[in-house]
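Since each chain sits alone in its own frame, please combine them into the complex, following the hints.
If you want the building blocks of each chain, they are given just below.
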Amino acid sequence: MFRSLRLVALLGGLLMAAAASARDIDAASYGYPLTNPFEATIATTPPEQRPTLPEDDEIDQSDYSLTLRPEREFTLPDNFWAVKKLRYRLAKQDHEAPLIFLIAGTGAPYSSSINEYLKKLFYQAGYHVVQLSSPTSYDFMSAASRFATPGVSREDAEDLYRVMQAVRAQHPRLPVSEYYLSGYSLGALDAAFVSHLDETRRSFNFKRVLLLNPPVNLYTSISNLDKLVQTRVKGIDRGTTFYELMLEKLTRYFQDKGYIDLNEALLYDFQKSRQHLSNEQMAMLIGTSFRFSAADIAFTSDLINRRGLIIPPKYPITEGSSLTPFFKRALQCDFDCYLTEQVIPMWRARTDGNSLLQLIDQVSLYGLEDYLHNSPKIAVMHNADDLILGPGDIGFLRRVFGDRLTLYPHGGHCGNLNYRVNSDAMLEFFRG
Amino acid sequence: MVNRLLLVTALLASGHALAEEVAPRTSVVEADNTASLTAESDGFLDPLRELKFNPGLDQREFERSTLAALNIYDPLESMNRRIYHFNYRFDQWVFLPVVDGYRYVTPGFVRTGVSNFFNNLGDVPNLFNSVLQLKGERSAQITARLMFNTIIGVGGLWDPATKMGLARQSEDFGQTLGYYGVHEGPYLVLPIFGPSNLRDTTGLVVDYAGEQAVNYLDVPDTASDHPEITLLRAVDKRYTTNFRYGQTNSPFEYEKVRYVYTQARKLQISE
Chain W
1 MFRSLRLVAL
11 LGGLLMAAAA
21 SARDIDAASY
31 GYPLTNPFEA
41 TIATTPPEQR
51 PTLPEDDEID
61 QSDYSLTLRP
71 EREFTLPDNF
81 WAVKKLRYRL
91 AKQDHEAPLI
101 FLIAGTGAPY
111 SSSINEYLKK
121 LFYQAGYHVV
131 QLSSPTSYDF
141 MSAASRFATP
151 GVSREDAEDL
161 YRVMQAVRAQ
171 HPRLPVSEYY
181 LSGYSLGALD
191 AAFVSHLDET
201 RRSFNFKRVL
211 LLNPPVNLYT
221 SISNLDKLVQ
231 TRVKGIDRGT
241 TFYELMLEKL
251 TRYFQDKGYI
261 DLNEALLYDF
271 QKSRQHLSNE
281 QMAMLIGTSF
291 RFSAADIAFT
301 SDLINRRGLI
311 IPPKYPITEG
321 SSLTPFFKRA
331 LQCDFDCYLT
341 EQVIPMWRAR
351 TDGNSLLQLI
361 DQVSLYGLED
371 YLHNSPKIAV
381 MHNADDLILG
391 PGDIGFLRRV
401 FGDRLTLYPH
411 GGHCGNLNYR
421 VNSDAMLEFF
431 RG
Chain D
1001 MVNRLLLVTA
1011 LLASGHALAE
1021 EVAPRTSVVE
1031 ADNTASLTAE
1041 SDGFLDPLRE
1051 LKFNPGLDQR
1061 EFERSTLAAL
1071 NIYDPLESMN
1081 RRIYHFNYRF
1091 DQWVFLPVVD
1101 GYRYVTPGFV
1111 RTGVSNFFNN
1121 LGDVPNLFNS
1131 VLQLKGERSA
1141 QITARLMFNT
1151 IIGVGGLWDP
1161 ATKMGLARQS
1171 EDFGQTLGYY
1181 GVHEGPYLVL
1191 PIFGPSNLRD
1201 TTGLVVDYAG
1211 EQAVNYLDVP
1221 DTASDHPEIT
1231 LLRAVDKRYT
1241 TNFRYGQTNS
1251 PFEYEKVRYV
1261 YTQARKLQIS
1271 E
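Sequence lines, in order, name chains W and D.
Sequence positions in the first sequence follow the numbering used here and run 1 to 432.
Sequence positions in the second sequence follow the numbering used here and run 1001 to 1271.
For reference, chain D alone in the conformation it holds in the complex (with noise of 0.2 Å):
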């Protein structure tokens, strides 16, 4: 439970504040001053012994910290958890046992081609947004992957290039006009899509024309002739997208997606 919440508190991101540097350290099992802890009559080594407590254990960190943090622009709240709510059921009743069915039907690696293969379509508006942010070297690794995935990875279905050292790196336009400092808007809750908000909701829209566009691979054109390709993408989408609705077991999951979406794009801009 606690490590899931450092992997989450791992999708997130922050302002500017300074805090100290510290040395780096060799390794992780010299940490700090735990070596010290000495056992007591019955073997018992009490962790919280050697830590700096607070001393009138009256200290509001944790309530100043979470209010901060739910402080988030949302004036379309009311129409926004409905949708969440129709989110939660069609990916319950409709989307998981598709997706289920599909995992079904096909074995592993064909899976993983079609991953790979959508993610080499994807590559195209990644290259097109790292340019645009500037990023000479992202830009030359993204290009690198496009060729090797392409032409030794036969048009995608393999990927070649992670095993060579470039990973997957990903940028949208919504990442771009934050970069550019576009504010993100009131926080959106899509249909289908999921939690976004504006700045990302246009970002979306153009990642699309320009897909649509570029006609990478024919693709897309091909894909408004077969409404399959493009439902496949679905599929894949949500086969390799982790997050289950409920799965923070918590009535206020509504309020801790909105954080970690909202922290995690933050998060995706500054690096």
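The following block holds chain W by itself, in its conformation from the complex (with noise of 0.2 Å):
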């Protein structure tokens, strides 16, 4: 009986360190200032509390380009010229040091404002550092995408790898001691895939991958963010769109402040002042920011691959076209709408797919969940209040990351990646 005691002990020690428990940080000792998601999502942390990072000025860098599509020299329009090639940016140690990749999020290029600070903390703690747009922006649909038809988050890190191996084959003479890659938002979700992918091509063995605030489910993530427009807006009427009273808002936050100032604390400063915005204010705000890069993504979509849904597939544009009427059918379609006339039509052409729900298996953070939960080199930083998640999301990473899933329990959607303290655990994490 006594042993069997000891089996029944021994059993449930192992399976408490099976399931070893997330680290949950909590509010009180967080201290992160502001507790509303979606303030917290637009105006990110307030400068006083984020970290010291270097100038631009102290950093050795520069943008590159690659030609990995030189058909698309041909087949593109004119007016796309400037993204013939694809540009990454890159920041060089003067030394030997690890290298990380960063990846952008949704419609977002190399230099988006996340992938700068991120940069400027790695590079300063001795990274070089390589900034990649991501496989839904304009420039890699256009110069680096075999297909063009983001959403597919296997073709997807296909693309990214080969574009990293590009970048590596471009700087043979740079030092690297050993690879690193992390990602936010969407570009988290792809930095999964694309571990997963190097575990079979070998090329970068990455060290240690990090995943800010990524999807879990993708399509409950593009349906929070396409239910955003449909907020109730108080002071929206026939006479006045919704762009009209943010505009008039603003108006008259600058007249009572007497003059115009942009800065970093302007933001913090108008949700203090009486034109604050409200909740769902707000949220058509972030909303109608991922609209247009829906809208781009339908729209270059389309074209690159001739599809005919918002541009005839002959129509002849020069640089002096106006791409107005296109960019009005464009606005139509959310990522609903792209997911269902462009990716899955695609999706099942090429890989005899059936239903949406098994898509999404494949697409979303489910589709690698046993190679998550064994890979501890891979962690997730999260937050309780991000507005990309939808219930069982978060129960999802705990079980599959266990104490490699760190929660926040404010931030709202990438609001905190500049705190002090989740960038001085950003640190922690790969330096190991």
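One or more hints might be untrue.
Derived list of chain W stretches under chain D, where covered just means 3 residues or more per stretch with a C-beta under 8 Å from a C-beta of chain D [said to hold, decoys possible]:
# : region
1 : 100–111
2 : 200–211
3 : 291–305
Just so you know, the hints here were simulated from the structure itself, not pulled from any lab data.
Quick caveat, the model's predicted, so the values are computed rather than measured.
For glycine and all other residues, C-beta sits at the position ideal for the given N, C-alpha and C.
As structure tokens, then:
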């Protein structure tokens, strides 16, 4: 009987060890000032609570370009001349150092503000840093993507992997000790798939991979974002559109203030003024920003693949042609529309794909569940109030990542990445 | 990405609709009702739960606002777009490399000095236009800036006025015309200078002529013999302008710049 008790104890201990619990940061000791997830998403951390970072002048960095899809030189219209080559940014240390790749979020270019921030953070800590555009961004789709229909995470990871290899080939003399990988938002989901691909390709053997605020279920995330423009906003009526309302508030804010002063404290000051935005208005603003990304993606994908949904396949475009009519059409297409009209048909045709559920399973973190569960080198940092998550998503992260999940109580979507506590935790993770 | 949008929005302005006035709050932290969010069993605080949604989820406000915003008078669009592409190339192949070289060969304090110097010259048209708009307080502030910066700041190389709390406030003749109700006219993209419209282009010419006539610190006269001064001014202007072609990373950058420029000018005129 004692023996069986001991066995139970042993089994229990093993189970406990296997289900190591996530690192939950409690709100009191965390001290993040913005408890409203929408404010955090829009304004991010107040300047005085950000880490001290080097100026651009102190960083040895340049932009480079890669020709990855030479045929696009001829197939893309003239006014795409600027995105026929893929640009990226490299910040170099003057000695041997580890190199970290950073992947931008939805629709964002390599030079997005969060990428710039992360670059400064890691450069200061002694890394070479390569900033890459998101596979959903206009430049990446035009210059680097094989199918130019981003959303199928495995294919996006393949494209990214080629880009990373080409980046390395372009700098053969750069002394790199080892490779690291990180990304935020959709870039974090991409990073997980790139890391998985690297397990078989073995080009980089990433030593550590950090996912910052990834979507868990990609469909939940895009549905949430699409829904944000459906909030009921006070002050909109037949004569006043949402933008006019926003501009009206800004005008009155500046008139109260007496002069226009654009600085980092503006957003906090604005939210403290009588013109401050309600949750619904902030949600609408965030939703609007994502709808513009959706329009860019839908238009670019349609144009490159000549699908004829937004722009007629043979429509002649020169540098002088107006794109406004097509912009108007693309604006009607949200993420869900892009998924249904462009991603799913292509995915079905290429891979014998079947239902939407099957696609969601493949392109979300679910598709990598076992891999993520068994890879101690991958960690995730997320926020309990992130607006791209849905019910059950955090439970999934807890189950899969165990103590490799750090869950912050506040921060909205990526709003706390530049909070000092978070930046310390990121550096700590890569230090090992 | 989102905060960039708000900053962009921060550049904009608008018409005259009435919105509800809300009492000022003491702190950002006690914002609205999110403190009442209760955690689900796995710790998730669903931020969308508390939002008021349009019940049918079929509101077309985003589409309506955006389509209305695209409505800007631009009869010369085809030519404007070609010039926009010319400027984009010129920026990438000439302007930015020159600015990078400038950044490389000069130490930071020299560049700040150069910017201060040209800003001080620019305060002359700022003052004129401020007076023309009968803005008494602002005119007094700009006069004080000119005196402090020219005398204490050694011809404008330093900017002690800003440190004393007299921030730089820009007024140009385009704004003056707008202040008196002159319509903006068709949207124009000027070679090298970038986005403008008929009213602001007129303003640009008038301000230039004014600077030549006043000949403050003898710089305009000297510059006519030494084109390198004008060149340095152009490089400094590009160095202090944060905009980069391609930064919106969108096939519709032309439309976005056009909207932001138009609204930013309205905002500058109204304050």
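Open item on the list: Please list, smallest to largest, the hint numbers that this structure does not respect.
Closed with: 2
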